[in-house]
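Novice: Following the hints, put chain B in place on chain A, whose structure we already have.
There are 2 protein chains.
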Amino acid sequence: MSAEVGVGLIGLGTIGTGVAKVLRNNADVIEKRLGFPVRLVRIADLDLETDRGVDLTGIRFDDDSDALLADPDVHVVIELIGGYGVAKKLTLTAIERGKHVVTANKALLALHGNEIFAAAAANSVEVAFEASVGGGIPILRSMREGLAANRIESLHGIMNGTTNYVLTEMEKTGEDFEVVLKRAQDLGYAEADPSFDVDGIDAAHKLTLLVAMAFGAELTFKDIPTEGIRNLTPMDFDAAEEFGMRIKLLGIAKSVAGADGRERIDARVHPTMIPRDSLLANVDGAMNAIAVHGDAVGPTLFYGAGAGELPTASAVVADIMEIAREIKRGTAGRVAPLSYLPEHIEAKPQVAMGELFARCYLVFTAEDRPGVLAQITAVLGENGISIESVIQKGQGEAGGSVPILILTHPAKEASVRAALDEIDRLDEVTAPTRLVRIEEEL
Amino acid sequence: MSAEVGVGLIGLGTIGTGVAKVLRNNADVIEKRLGFPVRLVRIADLDLETDRGVDLTGIRFDDDSDALLADPDVHVVIELIGGYGVAKKLTLTAIERGKHVVTANKALLALHGNEIFAAAAANSVEVAFEASVGGGIPILRSMREGLAANRIESLHGIMNGTTNYVLTEMEKTGEDFEVVLKRAQDLGYAEADPSFDVDGIDAAHKLTLLVAMAFGAELTFKDIPTEGIRNLTPMDFDAAEEFGMRIKLLGIAKSVAGADGRERIDARVHPTMIPRDSLLANVDGAMNAIAVHGDAVGPTLFYGAGAGELPTASAVVADIMEIAREIKRGTAGRVAPLSYLPEHIEAKPQVAMGELFARCYLVFTAEDRPGVLAQITAVLGENGISIESVIQKGQGEAGGSVPILILTHPAKEASVRAALDEIDRLDEVTAPTRLVRIEEEL
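As they're listed, the protein sequences go chains A and B. Be aware that the first sequence starts at 1, since it is given in this note's numbering, and climbs by one per residue. Be aware that the second sequence starts at 1, since it is given in this note's numbering, and climbs by one per residue.
Chain A extracted, bound-state conformation (with noise of 0.2 Å):
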């Protein structure tokens, strides 16, 4: 029982780095908690020059990925290059060698889970991944077994930091969405091409795999309506303000039941207005945070960094001595990767946007003169969306645009759209009406 566990790792970027730092700064306390020690033996990595700051005294370090994964003293890998091409492949290769592997790549999961977690089953190796996911939160063990007794009816989540740091900057300090970015991306929160971050894509494919472990729905990664934050301007802040609420880009996933009877999946990514009380209104910068309401448990709530070398590093070493007590017991396989066992897994047919009934926030902009709002009021009365306040900012210049808020009571989503497609025709309004949907039982 006491012989060691030997890790490979497969990328020494920010995040391997911060795993190699936590294997050796936290070797004491692993190896009280575990038994043995879990020993980093090799890294693969085709930068060999960098300085990464870490000790790596007694660690075979190469570019030789290949040779990595044929090491007999490697159990398990770490997958940490990103990406779908080539990570694939060595996540593959690695399972069919009978490693196990660690992965903190949602990207790779969300598309290739399925064929991913088949092989690890056929091979009756792990493949773990909670660092995918809401970065150091124990999120998704927290799923598969502290909520195992639950049916999950909901989950509402920050799951990206860059998002949320560029959101609460926004909020704070009035500035554009363009500027803040910047900012974000002189900082390091941003990189260079954010559309993963700021499309909402990252969280779409956080929010697959969370859909998966909660209804035991299929991996969709396509069916994900996705809208980003690009549009949000320093006024929705100060009318989220003013109607007690704050703007969070949330993922959210719901469990509902058809007309048929048949429970159906309502899951989306998009900029929502929650109410400013609530906890995960208050959960800032680049943290992340994911509520999840079961029917027993209730309203729940997991809180901590969303991203960063270690508390990323914090939950891929959480996997890596999750796996070292399966090796030293020979009990690969204990809990199912996506919390339901593969063959209870289905196809759930998915809510379309367009059936959704929610309170709206609503930018109209149109041109400064009497009977314009009358003219909007009217076409979302003949839609049957009801008006819950108004908010008409001062006056612009001699016949320029201004913008005209409006809150609603719950409407469906498809009688908002057609409403706005009629609106927007208008002579009189100048620019497309933006949305925001709103959220209140978190």
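These are calculated hints, taken from the structure and not from any lab test. Please note: incorrect hints may appear among the correct ones.
Which copy? The list can't say, so a pair holds if one copy fits it or any two copies do.
Quick list of in silico lysine to aspartate or glutamate cross-link-like pairs, EDC-like style, CA-CA up to 20 Å [claimed, not checked]:
1. Lys172 - Asp277
2. Lys348 - Asp28
3. Lys32 - Glu153
4. Lys88 - Asp71
5. Lys32 - Glu49
6. Lys412 - Asp238
7. Lys32 - Asp66
8. Lys32 - Asp223
9. Lys172 - Asp62
10. Lys348 - Glu4
11. Lys32 - Glu346
12. Lys348 - Glu31
13. Lys172 - Glu115
14. Lys222 - Glu355
15. Lys328 - Glu343
16. Lys32 - Asp295
17. Lys89 - Glu31
Specialist: Only chain B this time, still in chain A's reference frame:
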């Protein structure tokens, strides 16, 4: 692999009824996650008459706990009777008979955990107790596994729903402690004898378990300084608001380096002022939350219902499911109950309250006449305590007493105590000075 795991339940009170409901209502999702059924085969309770509103068809229900413990169809015993006497005897008997035990009994474990965990290890069975801390929140699992790669630095928890409900109501209504407590009792949120809750004892039981798990420190319930909420007044909540804070009853535990470089544990339960914009400050009503700070993961927070029939049952059934997996695979003892292996749990010295260094909120009650404030501040100054702000409440009746509220800069508790002793002996001071400690880094 498809034979069922049998569960015997001792104690069909609120939580026991919840367990019966969850096992019945969610049998399908439980089996889809485990791959085999978990069945409640037997219940023992002295009250065979009361209708609990749950279908017990097919479950043997009598008052014979001895027979339950002897039943070969019972693989897992759920102890939900509470207290130290009978509960301890039943638990140890179950363990000796090779049965796994699930319990929500924090009092039992805080006081007799060492003996019970040792017996479980000797008999190769599990004692699981997720429900004993934070109700439905999977905090113990998260400490043991999700954050296992971390050196835990501190934790701050709202761990008692009754007191959090009372504090939230006092703040909201401005009513006195006794009035709100009475209402909480009428609503069933507080016991007829509320002392376990309002004097902080229940929170200290829970903190005892968390301290062991966080730091590998021996269970030391008796050493945890514990102060309840009975002395708080509506004025204190107003003052907290003026200072940008809220008052919560917290269990606090930190690992700190002593002057000799040796690790010491700072563990305590007391009403605490915390910044209004912290997540923990926004946990209201009967909800619980535990903020855990790890060296790798940084700040995390786990939120959910800390009590109640179904939330607590959610945690009990999660434990049953984990044990059921282990029974199927013969892997009891996969994870150490207190996170650190027993041989690595050490007695660690405790930081004495006098050594604490914190900002303090002080409420002096003094005669309403010139010079009194000068006297009080002089004594504080002589004891090296510097003042951040003072609020002197409006005139009382002529010759009556007025409260003087002082917020100090960080000061050593022993110095504060010495100053208060001296101040309370002044002729002009008409009631004992009250102290609420402030925590800023959560």
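Novice: A separate judgement is required for each hint: does it hold in the structure or not?
Specialist: Hints and how they fare:
1. In the homo-oligomer, the alpha carbons of Lys172 and Asp277 lie at most 20 Å apart both inside one protomer (17 Å) and across protomers (14 Å), since each shortest distance falls under that limit.
2. In this homomeric assembly, Lys348 and Asp28 come within 20 Å of each other (Cα to Cα) only across copies, at 17 Å, whereas the closest approach inside a single copy is 46 Å.
3. In this assembly of identical chains, Lys32 and Glu153 lie within 20 Å of each other by CA distance solely across copies; the values are 16 Å between and 38 Å within a copy.
4. For a Cα distance limit of 20 Å, the shortest separation of Lys88 from Asp71 inside one copy, 19 Å, qualifies, whereas the shortest one across copies, 51 Å, does not.
5. Within a single copy, Lys32 and Glu49 get their C-alpha atoms no closer than 34 Å, and across copies no closer than 49 Å, so neither meets the 20 Å cut-off.
6. Taking the shortest alpha-carbon separations for Lys412 and Asp238, neither the intra-copy value of 25 Å nor the inter-copy value of 43 Å comes in at or below 20 Å.
7. For a Cα distance limit of 20 Å, the shortest separation of Lys32 from Asp66 qualifies neither inside one copy, at 33 Å, nor across copies, at 37 Å.
8. Taking the shortest alpha-carbon separations for Lys32 and Asp223, neither the intra-copy value of 45 Å nor the inter-copy value of 24 Å comes in at or below 20 Å.
9. Proximity of Lys172 to Asp62 under the C-alpha cut-off of 20 Å is found in neither arrangement, the shortest distances being 46 Å within a copy and 62 Å between copies.
10. Taking CA atoms no more than 20 Å apart as the test, Lys348 paired with Glu4 passes in neither setting, with 43 Å inside one copy and 28 Å between copies.
11. When the C-alpha separation of Lys32 and Glu346 is checked against a cutoff of 20 Å, the pair qualifies only between copies, where the shortest distance is 11 Å, while the shortest distance within a copy is 41 Å.
12. In this homomeric assembly, Lys348 and Glu31 come within 20 Å of each other (Cα to Cα) only across copies, at 19 Å, whereas the closest approach inside a single copy is 43 Å.
13. Taking CA atoms no more than 20 Å apart as the test, Lys172 paired with Glu115 passes in neither setting, with 44 Å inside one copy and 54 Å between copies.
14. In this homomeric assembly, Lys222 and Glu355 come within 20 Å of each other (Cα to Cα) only inside a single copy, at 18 Å, whereas the closest approach across copies is 58 Å.
15. Taking identical chains as interchangeable, the C-alpha atoms of Lys328 and Glu343 lie at most 20 Å apart only when they sit on different chains, with a minimum of 19 Å there against 27 Å within one chain.
16. In the homo-oligomer, the alpha carbons of Lys32 and Asp295 lie at most 20 Å apart only across protomers (16 Å), although the nearest pairing inside one protomer, at 36 Å, exceeds that limit.
17. Proximity of Lys89 and Glu31 under a CA criterion of 20 Å is satisfied in neither setting, with 32 Å inside one chain copy and 34 Å between copies.
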